[in-house]
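Use these hints to put chain P onto chain Y, whose structure you have.
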Amino acid sequence: MTPNLPPVTITGIGSVSPYGPLAGLIPQYPPERPLEPSPITAWTSAGPRRAFLVQPFRPASVVPGLKTRRLDRLSAWALVASSLAIQDAGIDLSQVDRSRVAVVFATAFGCVELTEAFYLSAAANGWNGTDPTTFPETLASAPPSHVSLFHGLRGPNVTVSNKDFAGESALIQAASLLRHGQADLAIVLAGDALAQTLYSWYEAAGLLSPACYKSGPLPEAGGFIPSEGVAALVVESSGRRNVRPNVRPYARIGSGRWAAGGQPAEIIRQMLGGAVPSLTVCSGNGAPCATSSTTALAREISGDGAVIIPPQPFAGGLAGTGALFHLILALSSRPISGQALLLGTAGDSGFAALLLELP
Amino acid sequence: MLSGESCLEPTRDVYPGFEGTTAQVRELAPLEELSSSRYSRTDRLATVAAQDAMANSGYDSSTFRDSGIVMANTVGGLTEIDTGIAEDPAAWYRRPGSLLRGASYPFAHVADAVGEHFGIRGPRCAISVACASGAMAIALAANMLLDEAAPIMLVGGSDPLCPFTLSGFNSLRALDPKPCSPFDQNRNGLNLGEGSAVLILETLASATARNAKVLAVLRGWAMTNDAFHTTAPEKQGSGLADCIKLSMEMAEVSGDDIGYVNAHGTGTPLNDIAEANAYETAFRGRSRPIPVSSTKSYFGHCLGAAGALEAAITIMAVRAGALLPTLRLADPIDSPGVDWLRGKVKRQPLPLAMSVSSGFGGSNTVLIFGSGRS
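Respectively, the protein sequence lines represent chains Y and P. Numbering-wise (this note's numbering), the first sequence opens with residue 1 and increments by one. Numbering-wise (this note's numbering), the second sequence opens with residue 1001 and increments by one.
Among the hints, a few may not be true.
Claimed, not checked - Computed list of lysine to aspartate or glutamate pairs in DMTMM-like fashion (alpha-carbon distance at most 20 Å, straight line):
1) P:K1245 to Y:D184
2) P:K1346 to P:D1331
3) P:K1213 to P:D1060
4) P:K1245 to Y:D97
5) P:K1245 to P:D1257
6) P:K1344 to P:D1184
Claimed, not checked - Which chain P residues stay away from chain Y? Per the calculated CB distances, all over 10 Å, these:
7) E1005
8) S1062
9) V1217
10) R1288
11) R1328
12) D1331
Stated by the list, open to error - Here are a few chain Y residues that face chain P, going by a calculated C-beta distance under 7 Å:
13) E116
14) A123
15) T130
16) P136
17) L139
18) R154
19) N157
20) T159
21) S176
22) H180
23) Q196
24) A204
25) A260
If you are wondering where the hints come from, they were derived from the structure by calculation, not from laboratory data. Ideal placement from N, C-alpha and C gives every residue a C-beta, glycine not left out.
Next comes chain Y alone, as it looks inside the complex (with noise of 0.2 Å):
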């Protein structure tokens, strides 16, 4: 089997994460002080809890005429990363083909803030009397629609998960929709917003790290502090970039594998096809552990000389979706040129790789 993704290029970048709503990388990162988790105050708990989160802001003053007041925070989050990205991108929509525009997003749990809106209003008022306009922005495919809506993309228009890698999926789905010609361009998303129905199963099921219950240094292993945000990527086949000049490309991506199980080593260095590439960016889920399943199996692919960046702790708090983030923080952390591989690992062989090409 040989992976035949065509070279895309990711040319525009948005994001909205505890590093507040940016397009582009993340300017001075690292940042001399390590980013530390919040307290969480949207819920009570027993005793102080804390995450990654996004702090509140106002989404049109980001991107002027953007209403939002029926949204939950995810959708609002997509709507405000996609406009960056595409700002970051230069793009003029108003000169594009917008019916050759794809919105792939990738998310763990779609609207589970409106999901659990939703059961309170059949807890107060019985299944026969929940609110007609929460329904709809339950589904975890709101988000992108949205995205469509308000900025009058009318290509393909899918959501799509994994419970490991769904960000790394969503940009290989993103790549086939492009050599397949099914779109020139996609809007690439991958996030998720933290409710207290999913910090509660994270507490229940004892994945928290310490550093959820105080405040202090990060550790490196213990378990896992959950984040909430969403990356936006716009990608662009590398003949539809080529004619428009001044485009900054961020990278390349040349092929993709995922798969649950199997031999990953071997079938990403057939992937690779002899290439050895300088930099591995971990995309794996969890504390930032330098011994994790995710830099071992860079190191056997890559060898001891390559540079590995291990899973970071903002993005690896988002289950499946911090794929996207991972890259972002890699291009803000440092300059970085060649070829990189961004590279997940889950359960006993399970994995995600994409080859990048940096300019």
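Below, chain P alone, put in the same frame as chain Y:
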């Protein structure tokens, strides 16, 4: 279905106080391992359908080890969760078995459930695009097959009835309390159903090489978005018409080549008129009206599974040369370019047929199937 039998009946046991019409899977074939509480009803429906599809493929089960899986759904594990989770999550998770029930909530879980149950280790993902999910899963799986992401794809959709969705559609006043009548002038809404369908996709070269029984050939597929409204389709159906035209371009066929359209046909006032307008636009210039029916009149609207189930029915229609009528269609929408199928099943050779799906958020997906002989 060939004898005009409908599965729609008065709703029982979804939630107290609901009176309406639905189609329910009464006896889900038992699989021993599925008694585990980590499998939601969505997972169980999909796993049973996947087992049937694999058994029907003629492949030994070990052949599927490196297969890819794309499973569509909208409900995820909501069937296993009650309102208590929102009132006091910490207390809810202290209930026995609730951690596993909560773990089945993400809509990706169904792909993992199928993969883990059958030991399949290829690429897997889930798709959730409202009522277009099942069809879009097939389109994306076809892309993955062409990308050589996996040698074989298991693809389908699964969605169960549950209080959450039934209540949601009821709150929107989208439900017909009686058995629905899609495309009728007096249509009054949809009926929800539940189910799952799974298809085995492989390249024609692979199927031919093993002398397989080719059920159908997926000749064309396309996806578009209306970019019009979160719940309502664009009245002229222009996004859907574009999708139909794109799928025919891909299949390199004209409107005259399509012998039957298995419509989305929910029975809601807005969907059906937009869809009729889309057919008028997309099949303009065709020498005779395009035959169209909605098989949701037999088993309701199965949401994330609908596109996959209707793809399977379209394939069966092609194989049997049978154009299924819409049930209870007494007074069709006035649409001169459409031959609204009603009454008895029409028997005729059917080289090419189309399955059409749309959903909340404006997503459209169209699949064109040809007979294995075409």
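For each hint, the structure was consulted:
Between K1245 of chain P and D184 of chain Y, the direct Cα distance comes to roughly 18 Å. Compliance with the 20 Å bound is thereby established for this hinted pair. Taking the CA atoms of K1346 of chain P and D1331 of chain P, the gap is near 19 Å; set against the 20 Å cutoff, the hint holds. This hinted pair checks out: K1213 of chain P and D1060 of chain P have alpha carbons roughly 14 Å apart, not beyond 20 Å. Straight-line distance between C-alpha atoms of K1245 of chain P and D97 of chain Y comes to about 17 Å, which keeps the hinted pair within the 20 Å bound.
Between the alpha carbons of K1245 of chain P and D1257 of chain P the distance comes to roughly 13 Å, so the proposed pair stays at or under 20 Å and holds. Distance restraint check for K1344 of chain P and D1184 of chain P: the Cα-Cα separation of roughly 17 Å lies within the 20 Å cut-off, and the hinted pair is therefore satisfied. Separation of E1005 of chain P from chain Y is adequate, the least Cβ-Cβ distance of about 30 Å exceeding the 10 Å criterion. Chain Y leaves S1062 of chain P outside its interface by the beta-carbon criterion, the shortest separation being 14 Å against a cut-off of 10 Å.
No Cβ of chain Y comes within 10 Å of the Cβ of V1217 of chain P; the nearest lies about 17 Å off, and the non-interface call holds. For R1288 of chain P, the condition that its CB be more than 10 Å from all CB atoms of chain Y holds, with the nearest at approximately 29 Å. With 10 Å as the threshold on Cβ separation, the claim that R1328 of chain P sits away from chain Y holds: the shortest Cβ distance comes to roughly 26 Å. Every CB of chain Y is more than 10 Å from the CB of D1331 of chain P (nearest about 29 Å), matching its label as outside the interface.
Interface restraint check for E116 of chain Y: the shortest CB-CB distance to chain P comes to about 5 Å, inside 7 Å, so the restraint holds. Among the interface hints, the one on A123 of chain Y holds; its C-beta lies about 4 Å from the nearest C-beta in chain P, closer than the 7 Å criterion. A distance limit of 7 Å between C-beta atoms decides the matter here; for T130 of chain Y the minimum to chain P is near 5 Å, and the interface restraint holds. Annotation: P136 of chain Y was flagged as interfacial toward chain P, and the flag holds, the nearest CB pair being 5 Å apart, inside 7 Å.
Using the Cβ-Cβ criterion of 7 Å, the hint placing L139 of chain Y at the interface with chain P is satisfied: the shortest such distance is roughly 6 Å. Contact between R154 of chain Y and chain P, as hinted, is supported at the beta carbon level, the nearest pair being about 5 Å apart and thus within 7 Å. Using the Cβ-Cβ criterion of 7 Å, the hint placing N157 of chain Y at the interface with chain P is satisfied: the shortest such distance is roughly 4 Å. Evaluation of the T159 of chain Y hint against chain P yields a held restraint, the C-beta minimum of about 5 Å falling below 7 Å.
Interface restraint check: S176 of chain Y against chain P, minimum CB-CB distance 5 Å, threshold 7 Å, status holds. This hint holds: H180 of chain Y has a C-beta 6 Å from the nearest C-beta of chain P, less than the 7 Å allowed. Checking Q196 of chain Y against chain P by beta carbon gives a least distance of about 5 Å; that is within 7 Å, so the hint holds. With a least beta-carbon distance of about 4 Å to chain P, the hint placing A204 of chain Y at the interface is held under the 7 Å criterion.
Interface restraint check for A260 of chain Y: the shortest CB-CB distance to chain P comes to about 5 Å, inside 7 Å, so the restraint holds.
Consistency with the previously given hints is maintained throughout, with no hint failing.
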